[in-house]
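2 protein chains.
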Amino acid sequence: MSGPAAAARRDRLRARLAALDAPAALVTRLVNVRYLTGFTGSNGALLVCADGTDVLATDGRYITQSAQEAPDVERLIERRLDTVLAARAVAAGHTRLAYESHEVTVDGLAAVTAAEPGLGLVSLEQAVEDLRAVKDEAEIDLLRRACAIADEALSDLIAAGGVRAGRTEREVARDLDARMLDLGAEAVSFETIVASGPNSAIPHHSPGSRVIEGGDFVKCDFGATYSGYHSDMTRTLVIGGAVADWQREIYDLVADAQRLGREALAVDAECAGVDAAARDRIVDAGHGEHYTHGLGHGVGLEIHEAPWLGATAPGRLGDRMPVTVEPGVYLEGRGGVRIEDTLVVRPDGPELLTLTTKDLLIV
Amino acid sequence: MSGPAAAARRDRLRARLAALDAPAALVTRLVNVRYLTGFTGSNGALLVCADGTDVLATDGRYITQSAQEAPDVERLIERRLDTVLAARAVAAGHTRLAYESHEVTVDGLAAVTAAEPGLGLVSLEQAVEDLRAVKDEAEIDLLRRACAIADEALSDLIAAGGVRAGRTEREVARDLDARMLDLGAEAVSFETIVASGPNSAIPHHSPGSRVIEGGDFVKCDFGATYSGYHSDMTRTLVIGGAVADWQREIYDLVADAQRLGREALAVDAECAGVDAAARDRIVDAGHGEHYTHGLGHGVGLEIHEAPWLGATAPGRLGDRMPVTVEPGVYLEGRGGVRIEDTLVVRPDGPELLTLTTKDLLIV
Numbered sequence: 001m002s003g004p005a006a007a008a009r010r011d012r013l014r015a016r017l018a019a020l021d022a023p024a025a026l027v028t029r030l031v032n033v034r035y036l037t038g039f040t041g042s043n044g045a046l047l048v049c050a051d052g053t054d055v056l057a058t059d060g061r062y063i064t065q066s067a068q069e070a071p072d073v074e075r076l077i078e079r080r081l082d083t084v085l086a087a088r089a090v091a092a093g094h095t096r097l098a099y100e101s102h103e104v105t106v107d108g109l110a111a112v113t114a115a116e117p118g119l120g121l122v123s124l125e126q127a128v129e130d131l132r133a134v135k136d137e138a139e140i141d142l143l144r145r146a147c148a149i150a151d152e153a154l155s156d157l158i159a160a161g162g163v164r165a166g167r168t169e170r171e172v173a174r175d176l177d178a179r180m181l182d183l184g185a186e187a188v189s190f191e192t193i194v195a196s197g198p199n200s201a202i203p204h205h206s207p208g209s210r211v212i213e214g215g216d217f218v219k220c221d222f223g224a225t226y227s228g229y230h231s232d233m234t235r236t237l238v239i240g241g242a243v244a245d246w247q248r249e250i251y252d253l254v255a256d257a258q259r260l261g262r263e264a265l266a267v268d269a270e271c272a273g274v275d276a277a278a279r280d281r282i283v284d285a286g287h288g289e290h291y292t293h294g295l296g297h298g299v300g301l302e303i304h305e306a307p308w309l310g311a312t313a314p315g316r317l318g319d320r321m322p323v324t325v326e327p328g329v330y331l332e333g334r335g336g337v338r339i340e341d342t343l344v345v346r347p348d349g350p351e352l353l354t355l356t357t358k359d360l361l362i363v
Numbered sequence: 001m002s003g004p005a006a007a008a009r010r011d012r013l014r015a016r017l018a019a020l021d022a023p024a025a026l027v028t029r030l031v032n033v034r035y036l037t038g039f040t041g042s043n044g045a046l047l048v049c050a051d052g053t054d055v056l057a058t059d060g061r062y063i064t065q066s067a068q069e070a071p072d073v074e075r076l077i078e079r080r081l082d083t084v085l086a087a088r089a090v091a092a093g094h095t096r097l098a099y100e101s102h103e104v105t106v107d108g109l110a111a112v113t114a115a116e117p118g119l120g121l122v123s124l125e126q127a128v129e130d131l132r133a134v135k136d137e138a139e140i141d142l143l144r145r146a147c148a149i150a151d152e153a154l155s156d157l158i159a160a161g162g163v164r165a166g167r168t169e170r171e172v173a174r175d176l177d178a179r180m181l182d183l184g185a186e187a188v189s190f191e192t193i194v195a196s197g198p199n200s201a202i203p204h205h206s207p208g209s210r211v212i213e214g215g216d217f218v219k220c221d222f223g224a225t226y227s228g229y230h231s232d233m234t235r236t237l238v239i240g241g242a243v244a245d246w247q248r249e250i251y252d253l254v255a256d257a258q259r260l261g262r263e264a265l266a267v268d269a270e271c272a273g274v275d276a277a278a279r280d281r282i283v284d285a286g287h288g289e290h291y292t293h294g295l296g297h298g299v300g301l302e303i304h305e306a307p308w309l310g311a312t313a314p315g316r317l318g319d320r321m322p323v324t325v326e327p328g329v330y331l332e333g334r335g336g337v338r339i340e341d342t343l344v345v346r347p348d349g350p351e352l353l354t355l356t357t358k359d360l361l362i363v
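Residue numbers (my numbering), protein chains in the order written: chain A, 1 to 363; chain B, 1 to 363.
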């Protein structure tokens with residue numbers, strides 16, 4: 001990310017301060033600090049002021065790095081970041097300060113209040129998360145790259161016979177992870193799920209020592225992180241030549257529901273309506289009780305972020321919002337299927353970033 | 001961890017409730033929930049009551065897992081864990097509830113207060129973290145195992161010629177990580193640091209594409225996680241046959257300071273005094289400004305936890321507290337040395353868990 005992009009983001013946040021009647025905002029959620037400055041260290045806080053005098057605070061470990069990554073913001077090197085920035089706001093004559101009440105702990109707020117008792121603290125709400133939901137094209141490029149790494153890793157894994165009977169789930173997961181890192185991922189997006197046989201019915205199964213057998217479903221849910229941006233994809237394969245009727249039935253059902261969910265992605269579409277487009281198909285097929293989670297979520301600097309696609313999710317989609325679409329059907333004790341893509345909402349229909357086929361792969 | 005161990009831990013927390021004049025505590029910090037129940041899922045909260053009617057809440061993904069891992073506690077499957085447990089406390093006739101004010105966000109507290117306006121909420125402070133600082137022997141066994149994995153991984157890496165000129169830092173880090181996983185680590189404890197040449201002067205360097213050269217310091221800070229428990233060790237090696245005088249000087253200095261720090265570990269020793277035992281040696285040698293962090297920290301279910309060993313750290317050590325001892329000297333632009341062990345405070349002197357030699361290794 002470049003300085004100008006970060007500066008534009010701070011300006012967008014600044015534009016929201018007036019509605020809060022606050023001349024400044026204290027941003028302490030680290031991923032939000034990164035988004036607004038480019039600083040990637042593990043400790044940082046940011047004061048964004050209506051008059052443009054923004055200040056980034058971090059500790060002594062990050063003197064050099066913060067200067068390199070956030071050259072266009074004043075930097076302050078301190079130990080206690082929240083109180084030093086609150087003091088800075090007071091010194092600038094501000095009597096009100098917006099803060100991230102969804103991130104700041106009760107003790108953290110008490111420390112700031114004790115240090116600056118005259119300062120009126122009001123919630124910034126999730127203003128930065130809201131801004132982050134809409135990506136700029138540079139961010140989408142990074143997501144595209146992260147998705148391409150995941151696509152290529154799975155393709156290579158399958159081509160190398162890496163998903164086969166006789167291997168443990170953990171071996172397959174490590175193989176997939178190593179391929180993503182070899183292909184340039186800086187990290188995996190989250191703990192890779194490889195769930196085989198009956199384990200595939202567990203939505204979030206941690207890969208273990210189960211040995212994959214012929215006829216198993218193998219559900220792989222994984223992603224690559226590239227320059228901070230996360231990809232997210234699930235594919236469910238079958239081992240061996242024969243696919244049981246029940247496997248084919250739920251695979252085709254989930255694939256159809258997933259298609260309907262993708263097709264519902266549109267600028268101004270209600271988030272709950274997108275969820276319903278896929279869910280109704282599964283409910284109508286009599287498997288509603290076997291689909292126990294939401295349809296998807298935004299993805300970017302966090303693997304799960306706004307917007308949320310669920311049955312009761314508020315809000316609407318907008319242009320340049322990347323989201324996942326990932327319905328599933330899970331039959332306890334037998335097996336389950338989830339199919340997930342990462343896509344970007346666009347005016348002329350969603351852009352698919354995860355390009356691996358969704359035809360049932362028999363390996 | 002077994003049910004009886006978890007039950008004994010809840011009893012120790014229960015004993016603290018009287019001092020808070022609270023008949024119940026709401027534990028929402030996930031690692032604390034794990035410590036007090038054995039439940040390892042990603043979403044859980046626990047109500048600990050003075051009368052012993054404890055309740056674990058989690059969501060529908062963890063019905064089976066919570067029953068297996070925490071069979072001796074009543075379990076509640078819900079979506080909003082904090083408010084449902086607060087309601088439970090009210091239903092039990094309690095008018096005061098202790099909560100983790102260092103973990104609960106301002107919004108989280110507001111939600112509980114709105115749901116149960118008659119409930120008096122008081123801080124539990126870091127009571128569970130305080131309990132966790134002193135390990136039982138079963139926990140120390142897991143730490144010993146985690147440390148042994150890290151020792152063996154480094155030994156194997158060096159024996160295989162894995163730390164050598166021509167490799168990138170990232171390649172060495174991935175090799176070390178793979179060896180820990182092969183040896184039974186469930187994960188690495190934290191992002192492995194491999195910092196070569198001038199990068200070794202950066203205390204927390206992220207391994208990158210720098211190619212290791214002859215004569216480099218290579219600082220490796222890494223650990224294995226085993227059954228949830230983290231090991232932490234740093235060794236600084238030299239590449240090639242010749243060691244420069246400045247390298248030998250700071251290596252010997254850090255090794256001596258580290259020895260003094262280890263020798264200061266004792267039951268009832270002041271945490272700040274342990275820090276001083278090592279720091280004074282470095283300051284006396286004129287390198288005080290090149291040692292920019294604390295001496296060490298507790299280690300267990302978290303890689304960094306109580307107690308803290310620093311210049312201004314409060315408190316004293318106790319029997320069965322595992323801690324790291326990790327002084328360093330960093331010469332910007334040239335290189336740096338850190339030497340770190342994990343040890344357990346014992347009445348008859350500290351028990352060393354990381355057994356790799358601290359003689360200067362030339363590879």
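Everything labelled a hint here was simulated from the structure, so no lab data went into it.
Note that the Cβ used here is the ideal one computed from N, Cα and C, for glycine as well.
Check before you lean on any hint, since a few could be wrong.
Said to hold, decoys possible - Partial pick of chain B residues on the chain A-facing surface, computed with a CB cut under 10 Å: (1) Arg-61; (2) Thr-95; (3) Leu-181; (4) Ala-187; (5) Ser-206; (6) His-287; (7) His-290.
To be verified - Quick look at which bits of chain B chain A covers, simulated, 3 or more residues with Cβ under 8 Å: (8) 106 to 117; (9) 309 to 318.
Per the CB criterion, is His-287/B less than 10 Å away from chain A?
16 Å, violated
Under 10 Å, Cβ to Cβ, is where Ala-187/B needs to be relative to chain A, so tell me if that hint holds or is violated.
8 Å, holds
Within the assertion that chain A covers the segment 106 to 117 of chain B, do at least three residues meet a Cβ-to-Cβ distance smaller than 8 Å?
holds (count 4)
When the nearest CB of chain A is found for Leu-181/B, is that gap smaller than 10 Å?
Holds - the Cβ of Leu-181/B comes within 10 Å of chain A, reaching about 6 Å at its closest.
Should the hint that Arg-61/B touches chain A count as held when the rule is a Cβ pair under 10 Å?
6 Å, holds
The hint names His-290/B as touching chain A; please verify it with the least Cβ-Cβ distance against 10 Å.
12 Å, violated
Is the listed coverage of the segment 309 to 318 of chain B by chain A valid when you require three or more residues with a beta carbon under 8 Å from a beta carbon of that chain?
Per the Cβ count (0), the hint is violated.
With a cut-off of 10 Å, does the beta carbon of Ser-206/B approach a beta carbon of chain A closely enough for the hint to hold?
Interface hint status for Ser-206/B: holds (9 Å vs cutoff 10 Å).
Measuring from the C-beta of Thr-95/B to each C-beta in chain A, is the shortest one below 10 Å?
19 Å, violated
Hint compliance for this structure: hints 2, 6, 7 and 9 are broken, all remaining hints hold.
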